[in-house]
Amino acid sequence: MQAKWWTWALSSPQARNPVADPTGQFCAEDQPKNVWFLAGTFGGAAQRTCEVPGGRPIAAPAVNLYSANTSDCKSFMAAATGSMTLDGQVVELRRIDPVEITFQAAQDNAIGESAGRKVAQACGLWAWLPPLLPGEHELKIEGESGTFSTSVVYQLKVGAGD
Numbered sequence: 000m001q002a003k004w005w006t007w008a009l010s011s012p013q014a015r016n017p018v019a020d021p022t023g024q025f026c027a028e029d030q031p032k033n034v035w036f037l038a039g040t041f042g043g044a045a046q047r048t049c050e051v052p053g054g055r056p057i058a059a060p061a062v063n064l065y066s067a068n069t070s071d072c073k074s075f076m077a078a079a080t081g082s083m084t085l086d087g088q089v090v091e092l093r094r095i096d097p098v099e100i101t102f103q104a105a106q107d108n109a110i111g112e113s114a115g116r117k118v119a120q121a122c123g124l125w126a127w128l129p130p131l132l133p134g135e136h137e138l139k140i141e142g143e144s145g146t147f148s149t150s151v152v153y154q155l156k157v158g159a160g161d
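For the sequence shown, position 12 (counting from the first letter as 1) is numbered 11 according to numbering that gives the first Met the number 0, and the numbering increases by one without interruption.
Keep in mind that a hint or two might mislead.
[Said to hold, decoys possible] Here are the simulated lysine-lysine pairs, DSS-like style, with alpha carbons at most 27 angstroms apart:
id, residue 1, residue 2
1, Lys73, Lys156
2, Lys32, Lys3
3, Lys156, Lys3
4, Lys73, Lys32
5, Lys117, Lys139
Calculated from the structure, these hints are not laboratory results.
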């Protein structure tokens, strides 16, 4: 799942990137068909409104990293903390220690990664939510590790389904 998420996160240029997006207008950008990805930020806070198709599970990190080496991920995870709440209820986060992934970075992606296929170590604190009931939901994501922090409040509008 991390490989798919990083491909998604690095598949759009800065101007249309859903992770860099402060409002949520690009949350549907390049979404895969079998899951709906959400994200924190590349650092800092955002408030987003996002329309989510009904019937799709949601995957999102509270905080995450990829690196060329395992030691970066280990250091990151040693300091990683995070939380998520959905409609005021705590969402369980799963700790994923360094694991090798292969992902695709697009040309002119939001973090300046060179385009092409990448092999890296990925880690983070992740949530997996089953499909939400149709209607409006609030998802709060908070995460930090060392000097990096991210915070997003999503207003999710879930459709009736396919």
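Checked hints:
Simply put, lysine 73 and lysine 156 have alpha-carbon atoms about 36 angstroms apart, too far for the 27 angstroms limit, and the pair is violated. Between lysine 32 and lysine 3, the direct Cα distance comes to roughly 11 angstroms. Compliance with the 27 angstroms bound is thereby established for this hinted pair. Using a Cα cut-off of 27 angstroms, the hinted pair lysine 156 and lysine 3 holds, with the two alpha carbons roughly 23 angstroms apart. Annotation: proposed proximity of lysine 73 to lysine 32 is violated, straight-line Cα distance about 32 angstroms (limit 27 angstroms).
A distance of roughly 30 angstroms separates the Cα atoms of lysine 117 and lysine 139; the hinted pair therefore is violated under the 27 angstroms criterion.
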